[in-house]
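Number of protein chains: 2
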Amino acid sequence: MKAVGVVVEYNPFHNGHFYHISQSKSKTQADVVIAVMSGQFLQRGEPALVSKYHRTKMALMNGVDLVIELPYVYSTAHATLFAEGAIQLLDAIGCKSFAFGSEEGSISPFLNTFDLIHKQNEHYNSLIKQYVTTGISYPQSLFKAYEELRQKESAKTIDLSQPNNILGYHYIEAAKRLNLAIEPITIPRIQAGFHEDINPDSSIASATGIRKAIAENDSIENIKQFVPQHTFNELESWMEHYHTFISWEKFWPYLKYAILRNTPQQLSQYADVNEGIEFALIKAAKRSNSFNELMNAIKSKRYTWTRLQRMVTHIYTGITKEALHQFTNPTYIRLLGMSQNGQAYLSQHKKEFSLPLISRVASTKDDAMLSLDVHATDMYALGVELATGQKIATDYQTPPIRM
Amino acid sequence: MKAVGVVVEYNPFHNGHFYHISQSKSKTQADVVIAVMSGQFLQRGEPALVSKYHRTKMALMNGVDLVIELPYVYSTAHATLFAEGAIQLLDAIGCKSFAFGSEEGSISPFLNTFDLIHKQNEHYNSLIKQYVTTGISYPQSLFKAYEELRQKESAKTIDLSQPNNILGYHYIEAAKRLNLAIEPITIPRIQAGFHEDINPDSSIASATGIRKAIAENDSIENIKQFVPQHTFNELESWMEHYHTFISWEKFWPYLKYAILRNTPQQLSQYADVNEGIEFALIKAAKRSNSFNELMNAIKSKRYTWTRLQRMVTHIYTGITKEALHQFTNPTYIRLLGMSQNGQAYLSQHKKEFSLPLISRVASTKDDAMLSLDVHATDMYALGVELATGQKIATDYQTPPIRM
Numbered sequence: 176m177k178a179v180g181v182v183v184e185y186n187p188f189h190n191g192h193f194y195h196i197s198q199s200k201s202k203t204q205a206d207v208v209i210a211v212m213s214g215q216f217l218q219r220g221e222p223a224l225v226s227k228y229h230r231t232k233m234a235l236m237n238g239v240d241l242v243i244e245l246p247y248v249y250s251t252a253h254a255t256l257f258a259e260g261a262i263q264l265l266d267a268i269g270c271k272s273f274a275f276g277s278e279e280g281s282i283s284p285f286l287n288t289f290d291l292i293h294k295q296n297e298h299y300n301s302l303i304k305q306y307v308t309t310g311i312s313y314p315q316s317l318f319k320a321y322e323e324l325r326q327k328e329s330a331k332t333i334d335l336s337q338p339n340n341i342l343g344y345h346y347i348e349a350a351k352r353l354n355l356a357i358e359p360i361t362i363p364r365i366q367a368g369f370h371e372d373i374n375p376d377s378s379i380a381s382a383t384g385i386r387k388a389i390a391e392n393d394s395i396e397n398i399k400q401f402v403p404q405h406t407f408n409e410l411e412s413w414m415e416h417y418h419t420f421i422s423w424e425k426f427w428p429y430l431k432y433a434i435l436r437n438t439p440q441q442l443s444q445y446a447d448v449n450e451g452i453e454f455a456l457i458k459a460a461k462r463s464n465s466f467n468e469l470m471n472a473i474k475s476k477r478y479t480w481t482r483l484q485r486m487v488t489h490i491y492t493g494i495t496k497e498a499l500h501q502f503t504n505p506t507y508i509r510l511l512g513m514s515q516n517g518q519a520y521l522s523q524h525k526k527e528f529s530l531p532l533i534s535r536v537a538s539t540k541d542d543a544m545l546s547l548d549v550h551a552t553d554m555y556a557l558g559v560e561l562a563t564g565q566k567i568a569t570d571y572q573t574p575p576i577r578m
Numbered sequence: 176m177k178a179v180g181v182v183v184e185y186n187p188f189h190n191g192h193f194y195h196i197s198q199s200k201s202k203t204q205a206d207v208v209i210a211v212m213s214g215q216f217l218q219r220g221e222p223a224l225v226s227k228y229h230r231t232k233m234a235l236m237n238g239v240d241l242v243i244e245l246p247y248v249y250s251t252a253h254a255t256l257f258a259e260g261a262i263q264l265l266d267a268i269g270c271k272s273f274a275f276g277s278e279e280g281s282i283s284p285f286l287n288t289f290d291l292i293h294k295q296n297e298h299y300n301s302l303i304k305q306y307v308t309t310g311i312s313y314p315q316s317l318f319k320a321y322e323e324l325r326q327k328e329s330a331k332t333i334d335l336s337q338p339n340n341i342l343g344y345h346y347i348e349a350a351k352r353l354n355l356a357i358e359p360i361t362i363p364r365i366q367a368g369f370h371e372d373i374n375p376d377s378s379i380a381s382a383t384g385i386r387k388a389i390a391e392n393d394s395i396e397n398i399k400q401f402v403p404q405h406t407f408n409e410l411e412s413w414m415e416h417y418h419t420f421i422s423w424e425k426f427w428p429y430l431k432y433a434i435l436r437n438t439p440q441q442l443s444q445y446a447d448v449n450e451g452i453e454f455a456l457i458k459a460a461k462r463s464n465s466f467n468e469l470m471n472a473i474k475s476k477r478y479t480w481t482r483l484q485r486m487v488t489h490i491y492t493g494i495t496k497e498a499l500h501q502f503t504n505p506t507y508i509r510l511l512g513m514s515q516n517g518q519a520y521l522s523q524h525k526k527e528f529s530l531p532l533i534s535r536v537a538s539t540k541d542d543a544m545l546s547l548d549v550h551a552t553d554m555y556a557l558g559v560e561l562a563t564g565q566k567i568a569t570d571y572q573t574p575p576i577r578m
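Listed in order, the protein sequences are those of chains A and B. Here the first sequence is numbered in the working numbering, starting from 176 and rising by one per residue. Here the second sequence is numbered in the working numbering, starting from 176 and rising by one per residue.
A portion of the hints provided could be inaccurate.
The list cannot tell twin chains apart, which means a pair is met if one copy fits it or any two copies do.
Said to hold, decoys possible - Using 16 Å as the maximum straight-line C-alpha spacing, the simulated EDC-like pairs for lysine to aspartate or glutamate come out as follows:
#1 K177 / E424
#2 K461 / D553
#3 K202 / E415
#4 K425 / E468
These are calculated hints, taken from the structure and not from any lab test. Bear in mind that the values here come from a model prediction, so they are computed numbers and not experimental data.
Chain A extracted, bound-state conformation (with noise of 0.2 Å):
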């Protein structure tokens, strides 16, 4: 069986997600669609509005057949390490190709934008360094660098402006960098419109615009229309049994305290923190009411948002750098769910998998990256039943979903 591998956090799973699934499996002929999914905590920095359990169901229902979790390490990093995680459990289940969504929307590009970078590499470099020197922030410099070199370039060559071309481009980058087989392919984008906010005319709207219209006023009622059945459905049981979705504000009391809880110098210790941003933070979290409140307390130029928030959910979770940073490679690949047809692909090439599958957290040996997941999945149900006085499954409880 041939299988087809996307990278998602499916935050929640929307019609774009959909379109996306089945562009990948008749592009690539493939039997399978095998995604790696990030689990409770998110590239951006954030807690995911459901909990990867329900997140799961929502993929196996809309034909994925393998839902694998993207473990912590990877999932919460920058979109080089992010990417290097997710392209390496694909390639460890035996994904012929990975499939993603681009703006771009043809693969030529962006094979010819990593020629041009790579074997320019010195010169760019030094480009970079140039910028920077100029007082402009390190992603401006390296866009500044590239929009230079791509200049004397003739081949075509992606625009690396765009959210979904730079993620993909570090898709093919992670590939090429480990010398993995797996072959990437990209799919046309949909447009969801310039801004982030949903459109009532269309039947496609970003994960953010969705988010942004459920928290609005905590409900679904309006985005049925850009999400399939089947994601309703599984929103509505959440919010049938849990009341509210989730995001850092229902976590904040929980933040607050981690972030006075400690001293200056034990905050310094906890993955991404850095630079001295702890004093500010302290600062910032004895004054605010609110996330917002206090992301908007100490962001800046130097400290995106997103930046900030990685930071926080480390902080959140009480992750440290030396436990975060003691990997190079993912050391397994966990089961989330899976479909029928994705049952009899693991048992027909399962031991083919150059990581060892794991199905159940409870029958499995002492493993740290693991253990990292675990532990954020815990931290995510303590947050879960703060903000709504409910329970919610941890690893050890929950085998793998079978749809």
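With chain A held as given, fit chain B onto it using these hints.
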């Protein structure tokens, strides 16, 4: 002006305390009563029913002239250290004597006990060792060794099975060991009955009994007869504002989060977390839905309720062994409140004080011991906010209360 000192928690201030103050004053012919009072966390390792500012007000309205704070370092420590901090502070602020309540009721048996133990120290210690080897606990061995020593003594010694005799003995021992001129006085304790429950036919009850009666229906309706009118009014005004009294159960979500956010190794850095109890603590916290469940899951002969409460106090506040054990002596006299009489005493005597007097934390230079008090006060405030939705004053905002 002549001052007598008392060591108190006033959790809450009751008729027995009122009696103790008037007796202390009349017995010593003192002009002012100075109370050294525990802050937000108490010697049995628990958060106070109401904040230290409210308890200060109760004290001042009931005849205390000056309230100074027993620093966190001492207020949450075992009896020896607790007594050492308290008596040193009373001496530093110029008290000629200190008065404690005891079951014994007269001072000479205390002094005889001190002489007996210190003259026969080697013999006493070898007896303790003998008992320990028979398998009984250290406190039990201590008691049995003392009883053996005492049998051969003709002078009247105290009964060390009585809780207030034990505490009184520690005060005297601290004063003697530190070679302080402050003179010990004891006031016979009016019995609150054999057990801890309140007795409706009496006007005297223990603070434990009163707290229990309050906790039963989170109201003060059953305690009116045991407390002065001023205490009742102050508790009533707390209740109007905060709608509940503070106990460990109210802080439970934060405590659970604080325990589970840490690895066993991280947990073991907090003060009083020793001998591998961190593993049992994490295991128990995972399964517990309340503070009471947690305590019952881990308490044992070796780990008494009080010892465990002190341990979780330090976990809750996030205060490490390193931070707590860096001190040898109190470094300041922190003024929480004063009557007009107390104010006159300060004007007249403050030049004689052997430690700096701190009236306003906000205008005080960094002091490591004080920073722990400020931090513990912040952590208490966060817990109160979680439990009640109401903010509570912190040390930076609170000048001494004047009455």
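- Message: Reference check for the pair K461 and D553, CA-CA at most 16 Å: within, between, both, or neither?
- Response: between (26 Å within a copy, 9 Å between copies)
- Query: How would you classify K177 and E424 at a CA-CA limit of 16 Å: within, between, both, or neither?
  - Reply: neither (42 Å within a copy, 55 Å between copies)
- Message: When Cα atoms must be at most 16 Å apart, do K425 and E468 count as within-copy, between-copy, both, or neither?
- Response: within (14 Å within a copy, 25 Å between copies)
- Checking K202 and E415: alpha-carbon separation at most 16 Å within a copy, between copies, both or neither? Answer is neither; intra-copy 38 Å and inter-copy 67 Å both fail.
Consistency with the previously given hints fails for numbers 1 and 3, ordered from lowest to highest.
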